[in-house]
Every structure is written in C-alpha cells, then in structure tokens.
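K.L.:
With chain A's structure known, arrange chain B on it following the hints.
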Amino acid sequence: MAIIEQPVTTGGIALAAPVTPTKAQGGFRRPVSTTGWKSWLFTVDHKKLGIMYGVMAMFFFLLGGIEAVMIRMQLAAPNGKVLSASVYNQMFTMHATTMVFLFVMPMAAAFANYFVPLQIGARDVAFPRMNAFGFWCILGGGIFINLSWFLGGAADGGWFMYAPNSGPIFSPSHGIDFWTLGLQIAGIASLTGAINLIVTVLNMRAPGMSLMKMPVFTWLTLVVQFLLLFAVPVITVALFLLSFQRNFGATFFDVSAGADPLLWQHLFWIFGHPEVYILILPSFGIISEVLPVFAKKPLFGYPFVVFSGAAIGFVGWGVWAHHMFASGLGPVSVAVFSISTMAIAIPTGVKIVNWTLTLWGGKLRFTAAMHFAIGLIVLFTIGGLSGVTHSVAPSDTQQTDTYYIVAHFHYVLFGGAVFGLFSGFYYWWPKMFGKTLNEKLGKVNFWFMVIGMNMTFGPMHILGLQGQPRRMYQWTEARAGEGFFNLAFWNRIASIGSLVLSFGILLFLINVVKTSRSKERAPLDPWDARTLEWMTSSPPKEHNFDVIPTVHHLDEFFHRKYEQDPVTHEYKQIATAEEILADQEAHADKHIHMPSPSYWPIVLAASLPVIMIGVIYSIPVAILGGIFTVLAMFGWALEPSTAPESDFDPPASGESTKELAPLV
Amino acid sequence: MSTKIRRITAGISGLAATAFLASCAKNAPQDTWQPKGSNARTIDNLQEPVFAIAGVIGVIVLCVVVYCVIKFRDRGQAMPEQTHGKPALEIGMTILPALILAGVGVFTFRTVFELAKTSDTQMVVNVTGQQWWWEYDYPAQVELGITKPIITSGQMIIPVGTKVLLRETSRDVIHSYWIPALNGKRDAVPGRVQTLRIDADKPGIYAGQCTEFCGLSHANMRMETVALSKEDFAAWVANQLTDAKSPADKTLAKEGEGVFLNQCVRCHQVNGLKKADGTPAIAAPDENVWAGAAPNLTHLMSRNTFAGASWDLLSQKCRADVWGASSETVGKKYLAGVSEACLNQTDLRRWLRNAPAMKPMYSDPTKLTPTNGKYRGMPNLGLTEDDIDKLVAYLSTLK
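Respectively, the protein sequence lines represent chains A and B.
This note's numbering applies: residue -2 is where the first sequence begins, and numbers increase by one.
This note's numbering applies: residue 1324 is where the second sequence begins, and numbers increase by one.
If you are wondering where the hints come from, they were derived from the structure by calculation, not from laboratory data.
For lysine-lysine, the following DSS-like pairs were computed, each having C-alpha atoms within a straight-line distance of at most 30 Å: (1) A:Lys78 <-> B:Lys1697; (2) B:Lys1655 <-> B:Lys1471; (3) B:Lys1327 <-> A:Lys360; (4) B:Lys1394 <-> A:Lys440.
From the derived model, a few chain A residues whose C-beta atoms are all more than 10 Å from chain B: (5) Leu38; (6) Ala73; (7) Pro637.
In this text, a Cβ means the ideal position worked out from N, Cα and C, and glycines have one as well.
In isolation and in its complexed conformation, chain A is listed as follows (with noise of 0.2 Å):
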C-alpha cells in the first residue's frame, strides 16, 4: 500500500505533501521531523495534540486532585491547623480553577481534538496550525496561573472572583493578577478551538453524514463549540476589566467611583453557567457512545438527544442568575430565572431517560468503560436532582453558598463529567495507542472512584443542609450539632472519602503504566464498535483514513459490519473490522495531502505570557512581548505551506514509497 510518503522514516508516522512546495521565504521554512521531541513541539497533527491536551489535562487534574485532599485534610477536624486561612483561600481558589479551566475543558478538548476528525471520517481538522496554537496557549496559560504559588501566592478571591473582593485593595498580592491574565490565555485556545471544530463538522463530514448521522459525541462537541464561542468572550470582557481595575486603575467595580459590583456577577456568570454545560456535554457525548457499543443497541431517540443538547445550548444562556438568587434581584428576576432554570432540567431529564431507555432490553456487557457510563447516570441524576431542588429560589436562598451546593456541583461535575471523561480513557484507550487498559483493574478503579466520591460528596449533602457555608478554612463544634451523626462526623467521613477516591485514580495511573508496559496489542474492534472512528487502525495513520468512507447510516461501522435478515429479523456478521480495514487499504487513495508541522504555534503562545508578565511587574517588557507577538504572526503568515523536498531526509533504503499529492 502505498499512498503518501513524504521521504520515509523508519516506523515513524509519514508525511505528506505536495509535489510543488512554494520556495521558503527567508527564514522561514516548515520543520519536518516526524519523530522525536520536535515532531511534537511543531506538529499540528490533530490525534498528537488531542493526546497532549490528555497528559496535560491529567497533569492538572492530579493537581487540582491534590489541591482538594489539602482541603480536605483541612477541614478532616474542627478549627483545621493544616492551611493557614490565607493558604487555604488560594487552595480552594486554585483548586476550582484548576479541576474547571485546566482539566474538565482540556481533557474534552483531547477527546474533541482526537476523535471529532475520526468520527466524522475527516484527514485533520480545518485549521490544523490554529489547533496547536491553542494547545500551547493553554499550556502556558495553565503554567502562567501556576506560577503565581511561587510568586507570592495564588489568587485568593474564589473562582468566581466577586468583586470588590477580587480588587487591589482587598487582594494586594498578585495571585489574581495572573489568574486573570493566565486565563486569558488560556481562554484564546477556547476560542480558537471552537472556530476550528465548528468549521471542521460542518465542512469536512465524509460524504454521506448528514447531520443527522453524525455521531452523538460529535453532535455535542459542536453544541460545546457554539457555547464557547459565545461564553469565551464574556469572561474575556470581564477579565479585562477586572486586570484594568487591578492593574491600571480603573473603577469599573469599584462602588465609590459609581460602580455596582453586581455587574461582575452578570459577566461572571452569563460565562460561568453556559461554562456548566460547557463542562458536562463532552461527557454526555462519551457516554452517548459507550452505551449503545455496549449495550448493542443504537442509541434510543437519537434525535432526542441531539435536540435536547442543543436545547440546554440555548436555554443555559437564560439561567445564569440562578447563581445570584441570594444577590438581591428582585422579586421579578429571581422568579423568572427560577422557572427557566427548572426548564433546563427538563432537556436534561429527556437525556438520562433516553440512556436508560437504551440499556433497556440491550445485551449488556459491564466492560470497565460501561461501569462509568452508568455510574454517571445514577451520579449525574442524584446532582441533577439536588439542582432541580434550588432552582426553587426560596429554598436555595437556604442552600446558596453552603456544602449543599458544594455536594450537588461535584456530583454533576465529578459524577458527570468526571466519570464521563474517564468512560472515555476506558473505552478509546485501545484506538488511541493500540493497546487496552486493563479491564479487571479498571473495574476496581471505578468501584474505589464511586465509593469515594459518594463518600467525599454524599456526606456534603447533609453538611450544607445542616448549616455548613463553603469557603470556610475552619468550622466550629461550636455550630456542628448533637448526636453520633453531627456534623463533625460527617467532615470527618467526607475527608476520608476524598483519600479513597485518591486511591481509585491512583489505580488509573498505575493501570495506563501497566499498559504501556504491556506488549499486548488489542484487538482492531475490542468492543464491537459502531461508529468511524473503529474503522481505520489502533492508533489510527497520520491521515487517518486510507479512504473517505462514504457514509450511509448513523452508526456507519455497525451496518458495515452487521446485516439484518429480512426473514427472521436477526442480525448477522457480514463482515469484520479486519476485513473491512483491509478492504480500505486495498482501495487507498492515491492522493492524500497531509499538512506540514510548524514553528510558529508555539512560538506565536510562547510570545503571550511575556506580554502577561510584563502587565504585572514593567510594562517594557510587556511591550517586548507584544513585539515578539507581531514577528511570530508575521512569521505564520509568510511560512510556506509546506516544507521544499529539499529539506526532508533521504527515504530510508528500499521503503521509498514516495507519491507526492498535489495541492488539493
């Protein structure tokens, strides 16, 4: 087979390009490793920077992780001596900041980044340069936010940075300089990432996917797309008055200049409510893969769900003041935005009962993925639940701000998404790097996850209901209450939970090294899969596909595989994945044009953090930056499309394969 080699590289991924590369300008030429650390610096090949989003992500999720052990070690006792109440503020600061902005959204954008390509039969995504750029924003955003620990402190004003309390005078030290300007890096790779996706689904579905048949995951990965694209700027305008307000003067909060603080809750959260969904969707994708795989079914009420996802797309952006119900809004809008935040549970409802309804009369296999998917059912409805019961104003102004809403958040957004994401590892690890995690360990990874995260979360349903506020370094006997269950004990029990739940990732981390160990390669279709992206090799070539499968039905791969008898109704095997995958090779194409790696992403977002800086201690050197920004745009501009042949190394003896496509 033989189809695009760029000069070959023994066992590396090949390149493509095109016969006729423009001349290099100057300096500016295209880097063409494909192996190494450079074939990763200046790739811009879209499964390599899904899988860097992953390690990312993974890395700030054991941060975060690590951040709410602290917490909880904190608060394990009454008047907790183990953070000091400045340290504390940071930790929890830090630690939503982290779970939300460097783990949950990375983490679905590996899995966006990777799979949207593959599942809707596409070579890459639209803008594959723009795509690695965004992955070094967030990076350096992530590191930039970090930075601040050892700079002085974090920022302490909680992740939702009410003003005035986010202000100079009431946080002088700099920690929430860089979280504000950290997050703006990091909010560009959001932006960019969403523009790319949406461009990619909606030009570059194979032929045949009509809307309508493209996989459910893809389906809300767009929804997630659309939100980001509208909710990014919001925080961005937000952030920017805030780094005014605390790095130049200004007084857009400031209530003795005029202003009124409650503008910032507006901005934060007409951002942060649509950011819920934001972080939710990816998950409900991943699940609304798994459990038709796993159930052998096709999902029930596919369109339902699709709808309803984009539902919940529309009417999160009409729920946002839900989080102010205790901020003095008015009779009006506070029962207004009650009965819209009711409504949304109701798009929300119709999907759990769609999962539900697809496991009913299924063939179920509980493989360790499908143990996630359906424990995030049962978890995300008991938050779910919780969040139906405060959206009845008058009772949240008793839950507002206390362990109650502490519980409900973390059992849709750990339960949810959490368990989501990691349904995800179980069930694409074997097409990500060919080789399955191990499902026994997998298995007790989530049952120690499940129990430790009911017994970290559950217990903080009664603590808030209780009387416990959140955000407090310490808590008092004095307010724990009486008898063998107070309040006292339920800490203690919720502080344990949390080292359980440590233990269950801790299973995760040694089961993907034990893998990677492992010469055991997995099967091509371990689960009997149903959609494109189990249509190509584990892990799948550069280009994805050897051929543009042309699609007929929604679940593509099934109907390739399976074929009902018109007589008795029963279903049989026509064909393997081997076979099928072989069949492809057969027919590769002969002209596929793959893009060329590029120096300019990463230094384009290396240039950012320098302006950043330079915001916070000396303004020249913020200028510096900015100049170091327009030469990086301008080398991005001027950077030929691909690099000369010149530049590449000689094929290896007896693999040159080499077929060069002309541009397309």
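P.N.:
Coordinates of chain B only, in the frame set by chain A:
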C-alpha cells in the same frame, strides 16, 4: 411487574428518606430544616415537597437502572432489536417532567413574591457588613421604645412575633446575612440597600454565618439573632439607651478606662466615655480602619460573643446554660449579660494580647500600602499583661 417496581420504589424511597433523616445531626444550630420563624417556614413548606418529589424520581431512576443492569446483562442472547426510539414515549417523558416542574414553578413563583413583601413590616434594623463582623443600627422607633438610635454588633436582638425588616448594606466587600432558622440569606452589597424579612416564633438564640466569601477571615464572620419576649425586648432597649458609666476611682477598672482611652477609643466607641479633660471621647475608626467602622462597645457585656461573634464572652459552663435554655427562660438568662464570674477570660485576653493571631486579619503595619495605611481588622496593640488586666476589668463594666 409494574406493581412490583412501584412497591420496590416506594419501599426504597421510604428507606432512603428514613436513612437520610436518621443520619442528620441533632440540634445543629444552622439547620435549614428547623424553621423557627414564618419566613423560614414558608421556605420549608415549599422545599419539603420538592425534596420528596426529587427523592422519589431519583429512586425511580436508580431502580430502573439497577433493573436494566440485572435483567439485560449479556447472557448470550441474540443481538437486540436495533430500535432507534419510540417518539410517543419520548414525548411523554418530556411532557411529564415539564408538568411536574410547572407545578413546582407555580408554588415557587408565589413564594418568591411572598418573601419579597415589605408592606407588613413592624420594625426596621439597618444591618451593615464589613470585614469581618456585622453592625446593627436600630433607627429610632418610638412605638417600640427605641427613642434614639441603638448601635450594636454581632448579636441582633428582636422582639418575638414581630415582622422585622433588615436593610442590608456593606462598607467594603459583599457579605451575606443568614440566620437559617429565620430566613434564607440575602447579600449585603456595598452601594446598595437590600431587604430581608425575619421574625421568630419563640424567644431563643438563632445562629448564623456570613455566607458570601468575604476574604481572609470569612470563616470568622458569624452572627446571632436573639429573639426576646416583648417585655424582655423592652428591657434590652432600655439598657441599650443608657450610656456607659465611668468606673469608680482607684479601681482596676478605672485604670482600664485609661488604657481604653489611650488605645481602643481610636476605633471603638463607648457612649458616655469622657476624656480626662471631661470632653466626650469620640472614636475615629474612619482614620484607622478601611471599612471606617469598629464595633461599638458601650454594652459589650450585654452580648455574649465577640470578634465577629466567633468567640464566646461566656465561659463554657455559662454558655451552655444560656444557649441551652428553654424558650421561657432564655430571655432572662440572656439579659443577665456576662457576669464577671461567667466571663471567658481566656479568649478575651488572648484577643487583647494579639488579635490577628486569633483571627486572621490584614493588620500587619508593614503591609498596608494598598489601603493607605488603614487596617482591615484589628491590629496587635502590643499591650502589656498589666494593661490587659486593667482592660478586662474595664470591659467587664460595659454591661
């Protein structure tokens, strides 16, 4: 089968509810499920059925999922029918929750407006939050015996059965006033005045806590609302209207007054306190503290907590006696204030020795550039043990 599922669901719901209730703390002071006033009860009447409905739905989903997991496990059965859904069922399952929520919505709507009413107010208290304590300012309300404004902090006193309207604001960042037994919370936002209704059925001490994150010592910003019978309330008002009396000459307390005039009066007002030259000693917290206020200490020992209501002025035994008193006796016990025998000397002295060590505050004199040298909270005054003895003696006289 459906009857069976229904029975199982009912059984599990009941069991879950019982288990949940049995696993709660007894007498938690900030329990949101123990309303002690009409507003909290209005909320409770709404939230109890909502929780019940949510609970039942949760149990149903759980039961169905568990049923599927057991019933449809892969036992080598044939490939299931590749059904893509049943639109009628789908639409039904969309309309059903919509109807339930519409019902909940109607009651929510009514309750929201009911709780926002201010037309039936019988008494007003201005409540002001600042880092990290609450100030209560009672405007003159002659019909309640309040002939001139009363200013106090930490513990707010209200008469039972009276609809009190709190007018909340803040002097620095956003705080939130929350006494769970009496009502939900309402944020105190600088630059705004927002209202919250409270009333209490019976005399008692109702605990609360600031619930909007307000910086470093957010955890140490607590408060109580104390409801007294109408007679007891009148007695409290009468006492609050009096000025502090200067201690007798040549007592330790008199020397303490000197220390107070020397140190504390920079921020803390004591009504009736006179300087050595006989002129009134007027506190100037606005020159020293960012928020521009410090607790008025005229009747310090009439309250039984201090420093943002985070520490007790009563020793443990006396506290248990007052806080644990029945609604019939709590008024008298509360009004007795803090006697010298009952004073929690340990914490008060610790506070006077080094306040920021006890409650984290921004009061390091070398780090006050952002606030132009003003403190946020109380600094370490560097008092000698001798001074502390005197001050404690003086403060004990502020009944």
